[in-house]
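Residue numbers (the numbering used here), protein chains in the order written: chain A, 1 to 115; chain B, 116 to 230.
Far from chain B by the CB rule (all over 10 Å, computed), these chain A residues: (1) GLN11; (2) VAL12; (3) GLN14; (4) GLU18; (5) ILE26; (6) GLN64; (7) LYS78; (8) ILE79; (9) GLU85; (10) ASP86; (11) THR113; (12) THR115.
When the alpha-carbon atoms are kept at most 30 Å apart in a straight line, the in silico DSBU-like pairs for lysine-lysine are as follows: (13) A:LYS57 <-> A:LYS42; (14) A:LYS78 <-> A:LYS57; (15) A:LYS57 <-> B:LYS164; (16) A:LYS42 <-> A:LYS83; (17) A:LYS42 <-> A:LYS78; (18) B:LYS183 <-> A:LYS42; (19) B:LYS183 <-> B:LYS164; (20) B:LYS164 <-> A:LYS42; (21) A:LYS42 <-> B:LYS176.
No lab work stands behind these hints, which were simulated from the structure alone.
We put the CB at the ideal spot given by N, CA and C, even for glycine.
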Amino acid sequence: EPEVTQTPSHQVTQMGQEVILRCVPISNHLYFYWYRQILGQKVEFLVSFYNNEISEKSEIFDDQFSVERPDGSNFTLKIRSTKLEDSAMYFCASSLTGTGRYEQYFGPGTRLTVT
Amino acid sequence: AQSVTQPDIHITVSEGASLELRCNYSYGATPYLFWYVQSPGQGLQLLLKYFSGDTLVQGIKGFEAEFKRSQSSFNLRKPSVHWSDAAEYFCAVGARDFGNEKLTFGTGTRLTIIP
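So that you can see chain B by itself, here it is in the shape it has in the complex:
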């Protein structure tokens, strides 16, 4: 069974500073990997996804993530955060098997931006 660990519950970053949110996964093969963002009271919006190929993927809002098979990681990065990036960020893993279509989410990282 797949699982996701997001070791940082809460991160505070100054506006304009760089950001890295950590995500480690457990899955028997190469998984599908996703980052979703959830603003307060809102649903989940997909930031980016990794299926195969280039291990550095670009997403919306200036985010990127790098898949590192050797570390079972898929960390999310942004070179310069904006106050509007304050939200909850969820890493998720999807299986490649028919009959196992669910996404398994991590516990999330809450991002606070300070001026």
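If we strip away everything but chain A, and leave its shape as in the complex, we get:
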């Protein structure tokens, strides 16, 4: 069964450093998403991406964050200057279409630790 993959599984970085989290969505999916889950809290939406542009973003997704689909398979989340509060599990997801009509498939997550 096709699945969403994410690398790395765990990233440790120092405050102020840039990080790039990588995802390979399911190949025929058109919508891509990033969510995050701070330890012990709920999963929160960050951004959705369709047709090479951001479709929707949350208040969390400020200028420090950016997303990109650099080629036909990868989908990345960049945090320009990490803060301690960026420490969280970051999940990538993809779906066939938007509107919620088709389920979102989640990757296993990247645990980001900012020290």
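Let chain A serve as the given structure and place chain B on it in line with the hints.
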């Protein structure tokens, strides 16, 4: 804007006993509704989903959920739990609008199974 409430933070159930996890949502129309399960250190796995039609939906691992419009609820049930069901369970709501593709998650219910 949509929202989800899971009133039970933690539930403990004996193995073999029945289970019901509560979920209430807020959305202006009939939403898309999902239950995801997250085992420790793992990603999110879809258990079941409701889009339309029959209000009782069957999912994987013997789970089912019932959509009750009058109560704005989508409770998850299982007639007999197994020790492997111990995990965190998240209810999520998806919108039916283009340009609003995100899933909004509840805070989760942690399920503990005792022998």
